[in-house]
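Now for the letters of each chain:
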Amino acid sequence: MSGHAAPKKKVSDMKRLWGMSIDLDKCTGCGACQVACSQENNMPIFDDDSDLPKRVVFLDLMKVTNENDKDAKFGEVKVAYLPKMCMQCAGNDPENPHPPCVSVCPVVATDVGDDGVVSQIWSRCIGCRYCQASCPYEARVFHWWKPRYEGSFQEGLNPDVSVSSRGAVVKCTFCSHIWKRERDRMIAKGITDINAVQYTPACVSSCPTGAMKFGDLKDPQSPVYEEKLRRDPRAVRLVHSIDALRDTNPAEYERRMKIKDFPNPKVWYLTSNEWLREKLSGFKKS
Amino acid sequence: MKRLRSLLLFFLPFVVFTYGSFIVFQAACDRAMSVQAEKLLPFNHKSHVTKYDASDCELCHGYYDNGRFKGLPTVGDCKMCHDGNTAKEKAFFKGFKDTDKPWTSWVKQPDLVYFSHMAVMKNTKTARCASCHGDKANSMTTAKIKGKMPMGRCMDCHTSLKISNACTVCHD
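For the protein sequence lines, the chains are U and F, in the order given. For the first sequence, the numbering used here assigns the number 808 to the initial residue and increments by one for each residue that follows. For the second sequence, the numbering used here assigns the number 133 to the initial residue and increments by one for each residue that follows.
To be clear, the hints were calculated from the coordinates, so they are not data collected in a lab. Mixed in with the good hints, there may be bad ones.
[What the hints assert, rightly or not] In silico negatives: residues of chain F with every beta carbon more than 10 Å from chain U:
1. V147
2. V181
3. Y195
4. G199
[Unchecked claim] Simulated crosslink set (DSS-like; lysine-lysine; CA at most 30 Å straight-line):
5. U:K953 x F:K254
6. F:K211 x U:K822
7. F:K183 x F:K134
8. U:K822 x U:K870
9. F:K257 x U:K822
10. U:K1086 x U:K822
11. F:K240 x U:K996
12. F:K240 x U:K1025
Note that CB positions come from ideal geometry on N, CA and C, so glycine has one too.
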């Protein structure tokens, strides 16, 4: 049972449920999303970014290959690029969605918002790193060093995102500060309906090929309507092998959903490559 | 007597430690929230409200077009009414510039707070300026009226008005 007192009854008027879909066949691996994310969220710059566990990025652009590079023959190696950020996952219970990180946080530094986005408050984090251990996607990063911004970077920091200190866990929040900014703009226009606010995270707006799409999972008009994505044969969710059972064995699917709290990520990957789908979902058909 | 003394000796370090950490936290909290604000001018809100009929706070503390709160007015905002002909005004406009030493605010929130004046003041459920800042319209000095704005006060209002209290509503 989760340690924090989440309100059982939702008091907010928020009806949106933000989600994302990434078409990996369209992704060229240019890395614009990673740059845009780092700039938007005040990511520090370190001398040696090759130290992967100590690198601080919200959005990690991963290179995925089908075989071990050394063993494969020429022409058999297939490569795909995988933009991987926080999947904003939620448990099986839609009334009380708590992802693994929220359940283990001892200081309520991380919480689920009304729009389904898993928030993280850097300043509240005490650096116990339980959430990092519980995260199925390794989406959370820990500040091992004090963030440094060299030269004119200090002046270019985004004032909407607080700068983390050393010893705090940080993560992607679907750029929820942009939502707040857009809400201010809408209210200034006189539109006070909270559901009228639409926004685009930095990574999605920077994607040159339109591979990343962002929107409301519940809205049939949005490009990421969840019911449509569920029926899409190209859609796959990261290490979420339970999805494969939904169509083939519904009874078993129901049984497993009852006994185990699956993360249910809100980021969908689309690909027609069978090897990539197997690799992402962790489920082999054979 | 001896038992009392040993008890006192036992608890003394805890008391000292608690008191010391309280002082440290209090100082850190005060610094983060600008309790020692620097006010360069003896500004009189009441005389401005009565004399210049600035009953609407937004005349000086307004919003930008994109919904951002302007905060403290600039010298240019003062010049909307003051043309700077009298000797006193001349001296002021000569000596005071925005870039030199800007005013500091009593109510600066820490970096992790995204407080939107627009969302609180212009929404369907609205607050009044005085509910957080105190009765500034009738104040004659720049002294602090209401003190710090702890998170509990925000949450009390949110709870009573049935507004969501999720962390993302205000924090980033």
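Okay, the hints, checked on the actual structure:
no.	hint	result
1	V147	holds, 25 Å
2	V181	holds, 25 Å
3	Y195	violated, 6 Å
4	G199	violated, 3 Å
5	U:K953 x F:K254	violated, 39 Å
6	F:K211 x U:K822	violated, 45 Å
7	F:K183 x F:K134	violated, 71 Å
8	U:K822 x U:K870	violated, 36 Å
9	F:K257 x U:K822	holds, 18 Å
10	U:K1086 x U:K822	violated, 34 Å
11	F:K240 x U:K996	holds, 26 Å
12	F:K240 x U:K1025	violated, 38 Å
Hint violations for this structure: numbers 3, 4, 5, 6, 7, 8, 10, 12, all remaining hints satisfied.
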